[in-house]
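J.: First to last, the protein sequences are chains A and B.
Take the first sequence: its position 428, counted from the start at 1, is 428 in this note's numbering, and no numbers get skipped.
Take the second sequence: its position 168, counted from the start at 1, is 168 in this note's numbering, and no numbers get skipped.
These aren't lab readings, by the way, just hints derived from the structure by calculation.
Glycine included, C-beta positions come from ideal geometry on N, C-alpha and C.
Mixed in with the good hints, there may be bad ones.
[Stated by the list, open to error] Covered stretches of chain A (in silico footprint by chain B; criterion: 3 or more residues with CB under 8 Å from a CB of chain B, positions within the stretch not fixed):
hint, segment
1, 52 to 63
2, 237 to 246
[To be verified] Below, computed lysine to aspartate or glutamate pairings styled on EDC-like, alpha-carbon distance capped at 20 Å:
hint, chain 1, residue 1, chain 2, residue 2
3, A, K126, B, E58
4, A, K273, A, D335
5, B, K17, B, E177
6, A, K126, B, D93
7, A, K280, A, D335
8, A, K107, A, D162
9, A, K107, A, E304
10, A, K126, B, D85
11, A, K161, B, D85
12, B, K202, B, E188
13, A, K161, B, E58
14, A, K280, A, D339
15, A, K427, A, E381
16, A, K403, A, E240
17, B, K202, B, E248
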Amino acid sequence: MSESTFQIPGGQAGRQWLRELSTHHRLHEQPRRRAESVYFDTFDGRLAAHSRALWISEGILRLERLDRPDEPVRIALEGPPTSADSLPPGEVRNELAALTRNRALLKLFSLRSEVRSWSKWNDDRKTVVRVLSSNDEVREGERRARLNPIVVVRRVRGYGKDFREIRDWCAARAVPAEPGSRYRQALDALELDPARAASLGRLEISAAMTAAEGVRAMLAAQYQVVRGNEEGIRGDADTEFLHDFRVAVRRARSFLGQLRDAFAPKPAAALRKSLSWLGKSTNTLRDLDVYLEQQPAYRGMLTEPLAGDLAPLFEFAGRQRQAAFREFVAVMDSDAYRDALRRWRACAGDEDVLGVGGRGSEPILRLAGPRVARQCRAVLEQGYGLRGHAGPDDLHSLRIECKQLRYLTEAVAELVPETGGVVQRLKKLQDALGRIQDLTVHEARTQEFARAMSLAGDRQVMPAVEVLASRMRVERELACAKVPGLFEQFSRSLREAEPPYALLLPWLLRIQGGTDTGR
Amino acid sequence: MVDKSGRGRVMAVYHLKGGVGKTAAAVNLAYISAASGYRTLLCDLDPQSSATYYLRVEPRLKHARKVLLKGGANVSGNIKGTDYDGLDLLPADWSHRHLTTSLDRVSKSRKRLRSILGPFRREYDLIVLDSPATATLLAENIFVASDLVLVPVVPSTLAARAYANVRAFIRRKGYDEGKVWAFFSMVEARKKMHRATMAAMKEQFPGWLGTAIPYAADVESMGSARAPLPAFLPVAAATGRYRALWDELAAVLGPGSTPGSQSA
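Could you put the whole structure together from the sequences, leaning on the hints where they help?
T.: The structure is reproduced here in structure tokens:
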């Protein structure tokens, strides 16, 4: 270990502690200085999830393990990091790329330090140990908090004995700091969750809620997600902001549709219409985001020199995407957008706005449970109906039913914890269906872009586009072939689940003609 | 300051002529590198051990030369931290005067220094070699081990001749001349002869850095202060020149650039 960190008391007691340390070891104080460290993570806290903290201070970017006392890997960098790809080659870039999958790096909080430092000298006035004390304040937006001061004893290479003396003195009089404790203290002090975007919209529904209360809570949570992602969308640092925004809109719309008996029909229909408009406004931009994210994979489907010939196609798509981005920002600046969000907030927050429908006063589970069962049945009917002859439209319909089921199961997951296995299988099925849909849409997009480029006089891309479209069709066939197996796994997970899926069992056994006795 | 595989760079400050400001440049540039946030190791290869003296290190080395040639953990144990965060020193002692003789006795003798430094390129972003004035097997080891060879040139007739010999030596031995970057050192701009020699040498040789280090009493005072110039005279004119020189070198050594890829 090249340094040891200790937590010391704040205020007068801390100053006294430092005086004793300095006097006892005959330390020489150096000029004081101030420093600022800025911490980063992805929108969904991928680094924190892998026990890593990433921060930049005085032009050095460090990636630290929070679960081990390893030296952070580091790299000199001018300006804040934006993504792993933007960093110079080296260990930091390689590790970050693997951990973040190149998602945007966003500021989490900053830490301002007042640093005092001391040196212990040998007889030749050469520094043999360094000691630092740091008084830190953490900031995030308007929020500020002070952390307890720390003392760092830093070894100077080749002078281990002097280091051990001071470290042992400190260890006998102060609490050693665990690896990553400063980072965790900062998060606690700011009440900050690195997975802030992912944690937005966390549903807090209790079984005691009525259906109307429960759905309003769901709507309120999704409203928070939408508002929480607006800034990120405008900043255009990461496409996941728009993705989360869209999912929140679709979830809200799905709840309103599936649990429609909880509300008065008219205001719910008006809100559904607003949500539909909001969702559609994002379609083009999201499609193009996904298209461009797939660029490396699509290039990889072709060999050189054809793969290289695709460059103008993706440049064209990039320009289309920028236009779609500007259009959506204009939507966000519009009165219609503000009205839609105002209506959403009012519906979520005020009982009188949405009213209470015929079954709105019943417990939430009494409505949601059977609804989950019915939606399971809808998915199974669609799925078993596809046997042998599934076209892209049929698979897309199955995908929509799966999404509806997923939103609902996730919403009631707190109340029905056994949904885990079902949701996991459902996700896998959805991933396969999503891949098929992407390939279908992207093939059409590719042809559309190539036609537009051709009309503009750029026909060179056509041969590469023909091959790419053909490869996309092959990939889609391969993906389609996986669906029956994944669907079977999903339907089996329903048989093995606890209620409310057990409600389906008699029907499930009948439709499969099976003899499974189940549970 | 690392290559594509994340390994640190090696820069040698070299000239076969003594008294041209090699050690002052090596110590000051290593200090500025560390202060810029790069983990820096200064290797004192000169038996005069002036860099070791400047940085207040009393090496108390046992068999320094033999240990250096063995490499690995043996060398690691001899590295000392300096007064400056991020700057470590591999000290030299009088036994280094026999380095060339010892190198002559080992196999793959021209690549020995490179293999000795290999493990430290993972630990440090920049390794600075303070070379003795020599044109022996040790010099060849330095050329092989370095990504950049920095040559301080005093603008005098004899120094110009010595620099011509350096370039001829490198060419004759078949080493990459693109690694070689020179700067004018101990320049007295008021001297007509210095100005004329600088102009003539720029015409004659490629690979000049734009910054010239002036002849200054401040640089000489490093010996009495026993510290790098920027550490005790941070705003002196000569300090500013070393910083400017560092900026040029960082651009050459930095990410995405290949030493020798810039035109003079």
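J.: Against the structure shown, which of the earlier numbered hints fail to hold, in ascending order?
T.: 2, 8 and 9
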